[in-house]
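Work from the hints to combine the two standalone chains into their complex.
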Amino acid sequence: MSPLVQGAITIIIGVGGCIGYFYFANMLLDKVIFPARGNDAGRNINRANQVRPWLFLFPAIFALGLYLVYPVVGSFLRSLYNRAGDEFIGFGNYANLIADEGFRTAFFNNFLWVLVVPAMATFLGLLVAQLTDRLSWGNIAKSLIFMPMAISFVGASLIWKFVYANDPDIGIINAVRASMGMESLDPLQIPFWNNFFLMVILIWIQTGFAMVILSAALRGIPEETVEAAIIDGANPFQVFFKIKVPQIMGTIVVVWTTITILVLKVFDIVYTMTGGNFGTDILPSYMMSFMFRDDGRATAVAFVIMLVVLPVMIWNIVQARKEMR
Amino acid sequence: MDSIAGTKSSLTWAVNISVVVLVVLWLIPTIGLLVSSFRDRDQISASAWWEAPLPVEQAYRLRAEGEVRQDGGLWIIEGNVFDASEMVETFPAGSEHPPVAAFGITGREPGATAAGQEAENRDGGTLVVNADGSYVFTTNEEPGDRPPRIYVVAETPPEFTTENYNTVLGGDGMGQAFINTLTVTIPATVIPILIAAFAAYALAWMDFPGRGLLIAAVVGLLVVPLQLALVPLLSLHQQVGIGQSFVGIWLAHTGFGLPLAIYLLRNYMVGLPRDIIESAKVDGATDFQIFTKIILPLSFPALASFAIFQFLWTWNDLLVAKVFLPSSDESWVMTVRIADDLLGSRGGDWGILAAAAFVSIAVPLIVFFSMQRYLVRGLLAGSVK
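Going line by line, the protein sequences match chains A and B.
First residue of the first sequence? That's 1 in our numbering, and the numbers climb one at a time after it.
First residue of the second sequence? That's 326 in our numbering, and the numbers climb one at a time after it.
Here chain B stands alone, though its shape is the one from the complex (with noise of 0.2 Å):
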């Protein structure tokens, strides 16, 4: 816009500033996930996400284990928090500690006193812990086998993990439904081009009565609602002995996918020159031959634009899914997977949730970033005209 008359550099200005406060809103959220998946939960429960690369103030627990001796009626635990074999984990030996910021004796207050001051114990004793870690514990009672609890906060340095998807993928199921969802989408992506393909082009380039009436069909059914399909195909499929299966959700996608590959494809398909298909049909070449020779290799732009369409939708597809597949939890897909179980059952764990949902948009998210040429061209072609 720079060349045009009467565009001032103020506007311009305010065009970049705004592109890029709406490109960060939308990213913000798509973010905070990305980031909350790598993270483990002890410090997503002790800071945001957005603050992830800073250092965490984050509470221990442990026990102290120190050296035990009687002085007159009170019994003093002398030692180091970092020794404690329940620190030694994430503070290995030798290591450099983070300084003790407070401690406290219950859990609810971690750090309700700050490092070096004094705090009172339950029973009377005393409770000091100093900044480097080295703590005496006074009480009037013998310590038994079990040595009292202490607590203490401490700066963490910022901690990035793959452990989420270890847990997502492993235990809570989301492996196996990765597979059935590649499952599910492959074949109801595959099987609706080719059955499209012929009918585009009977649609396009051939002469015969009804054609007309058969296009109005096709855009008519691309709105009809796929809640009308629900009930009554699931008792066909019920009646033929398909059931909730496999095969019943990949017929199922195929017709629902249809509509919208036909018009795709006619549309592309009507765009293409006369010349080359009537000078094939001079030279004697079958309608069979001038598709499978002419057409179809000329179309590859649309075919990839309705795979890519197709692929997205199945894969990203939860209705279908819970309706037409089993309900036993082996052959969840992943939105099903989710949206049915891990919403509940992990509901407050937010990095088990990041992580499952990242595992399942990441294949669309590379198919959308390496083929949006086709898919804006598909949605082009699709709406516009």
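The shape of chain A in the complex, shown without the other chains (with noise of 0.2 Å):
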């Protein structure tokens, strides 16, 4: 059967399962299990609204629980015993990854690209956000530079590819130099600087979303308050340093934080551009050396993910919980 019609076979099950439980099982539980029918009428009716959330919410729970949760703890388990998966071995591949040079250079790699692309995408996000603002043609401007957010990761790094070629006549960044009568290079073959390379690329992609959110935050900020500071005598820079961006600084907070869980989640780039050679590494890119050969060493290594990204989570819970009060 052609992968096609299994498709649509799929979305035809999946939809009509979907539409077919909830409705079924609220029916179900209204003229069936609590009937609002006979001397319990108003109990049942009660009843059956306490317990119509839990259906639902059952399917979106089962599928959470089983394909994130279930993880979490499954990866741990996992990452304790050898690569066969027969022997429990405790600690044993964390042991062996802080052993790993490769590990340790993936995971200062991995600390340039948080402390490097957050910042720089935030940065330039802002920066066309206020750039843009109130031109005439920004919009266009802005759905430009948006653009790359629709690409995919291993799409960019083709494009990239084509930037950073040896050939002068295929790579831009050669040719300027061969019109400078310097000789061509790869740029991702030079050690330490070539990781800055594939950030270029992650930055280009994640610009753009930093742009629109900022964009919209630097929209909500009151008239009231850039007019004051401009009759009070403030100029251009003043107004966006002292009374913009403070007023922003949660959005940017919460740009810097959604870029930095997406930087250690991001394997395709350097999985692309260098697989990994020439000391760029990341933890994702490393763990995927691991994928299929020894599943005890590539859950170690996820977890470790996992680990990193912990604080954020937190952050991000206890924020939440804030605005619900």
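Please keep in mind that the hints were generated in silico from the structure rather than gathered at the bench.
Honestly, I wouldn't trust all of these hints.
[To be verified] Computed cross-link-like contacts, DSBU-like style, restricted to lysine-lysine with a CA-CA straight-line distance of at most 35 Å:
| hint | chain 1 | residue 1 | chain 2 | residue 2 |
| --- | --- | --- | --- | --- |
| 1 | A | K242 | A | K322 |
| 2 | B | K606 | A | K322 |
| 3 | A | K242 | B | K606 |
| 4 | A | K322 | A | K265 |
| 5 | B | K606 | A | K31 |
| 6 | B | K618 | A | K242 |
| 7 | B | K606 | B | K618 |
So, in structure tokens, the structure goes:
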């Protein structure tokens, strides 16, 4: 059976199944289990209303539990076993990781990514948001800078492979160097700095995201505060740094953390551009080099990523709870 | 900003110019890809993509198939390079020929000698190629069945072709990969929406113990790294008999997409006017009716923005496809095909790579530009709150 037909059937079964589940479970609850008839009518209606939320939530809770909660536990347990998965070795995998030069490189590089990418993307996003604000063609400019968001990391990597190409007839960087009489080089093989050339790709993608959100935040700033500052004689830079930025600090933090989380998960760019060679490995790509080969090590790396993400997760939850009150 | 006091026109200029510079910087890489995908291989290797509209000095090789005559100890071949069988394809008989700029005897230096000059042959003979293409080749040896080679460099007008796309979609399997991507994407986008919509309604408008905790859990799950899920879920899929298959990847994408879906939809639904829902309740509507008749239609913008997110994310995904789909090449999606196959086998073939990349990013770009409004709205609902 062709996958396309299979896909169509899945949509029908999936959507039909969902609708059917919600409809019939709801009907079953109202008509059969707690019917609103007879002596217990009132009590039954109340009972049915207590059960209903769980009826609506069940598929989601089940899927979330199976696909996101269970893996946290499952991965941790698996990381305590050896490669074949039949011998308990405690934290052996973690000890091996720490002893491994490759892991330390990946960890250090990932640290650089976390330091540079969110900062640059947020900064550039804020810059573009401010510059395009009230520009007559600002929306067109914004949508062009936002465009890389739609492109896959693999596609973006390929696009940048052209920019970095060794051949001065393909790569702009080497074309510029050639026009200045310099020899062509491969930017992806320059130790240490090649990490930054890879980061440029993610910054190129994420600036649009930061720009969209920060631009909305800038629009939300009360006009009076800006006007008052201008009347008091503030110049445009003072208005921006002393009036606008402090008022959108909360949004800046949200953008920053969102991109930070992303940086910890993206393996596509490194995988496509260098395959982790030339000292450019980061944790997600380092993990993929063990996937299908040594599940114990792979899950240990994944759990390290989880530990790094954990503070952000807790902070997010705290923020969300604060808002609900 | 024109009406606000204190704004100088020089500043407005500076702003305009810097935005132009930024936009150009942002677009250059993509434009390079697009242009390269329409150029043929010879032109790509002869000149850079930003020179694509200009004529290209391109090297051609041909055999001296002209008339042979003997003059003393010498053999002389006379003819025109544009009549050679290897050239007729590019320059059909009767069409206007570009002037020959230079010529050579070795492939290493196809333009070693300027047109009209005399070049020394390896065996002591000479070769002259004139700008109009006529040549005189003298040699000490009798030319056999395979006439000697001549290389010429001529200006070729810029040429754009869709050849790369034909190659990529057919022989290189991107056509199949495109269908596979579509197959993965559509169910993986549709199914989570329904599940999430019901859950979001319960979390937004139904009162029950543990609601706050569940919302917090969803917020927490938003950032769980996918990497954790790979090993345990793949072995789970293998135990229940799904293995690496399309069903597996649909389930996986559904699970991974749910936190964002629930979060976005709940945030939106909470903001719907309470009056409508309460008056419907007073009129005797059940929760199920309120959901299907009032909430769902009103939530269309949020549903659309999640659908776009999930579509872009599943279409562009490499990690989940690498792990949950079979590793045989007939079920590769486009990202896997590019990253694992074309980059290796077609490494230096820039035209092919560009066409492949463009095939894979065309649909997301269309979706992006036609539904940007919803995408922006979704981003704002998901992050600013």
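Now for the hints, and whether the structure bears them out:
Restraint check for K242 of chain A and K322 of chain A: the C-alpha separation of about 27 Å stays at or below 35 Å, so the hint holds. Of the supplied pair hints, the one linking K606 of chain B and K322 of chain A holds, its CA atoms being roughly 30 Å apart against a limit of 35 Å. Under the criterion of a C-alpha separation no larger than 35 Å, the hint pairing K242 of chain A with K606 of chain B is inconsistent with the structure, at around 49 Å. Between K322 of chain A and K265 of chain A the alpha-carbon distance is near 27 Å, which keeps this suggested pair within the 35 Å criterion.
Restraint check for K606 of chain B and K31 of chain A: the C-alpha separation of about 19 Å stays at or below 35 Å, so the hint holds. The suggested pairing of K618 of chain B with K242 of chain A is violated, with an alpha-carbon distance near 48 Å, which exceeds 35 Å. Restraint check: the Cα-Cα separation between K606 of chain B and K618 of chain B comes to about 12 Å, which is no more than 35 Å; the hinted pair holds.
Hint compliance for this structure: hints 3 and 6 are broken, all remaining hints hold.
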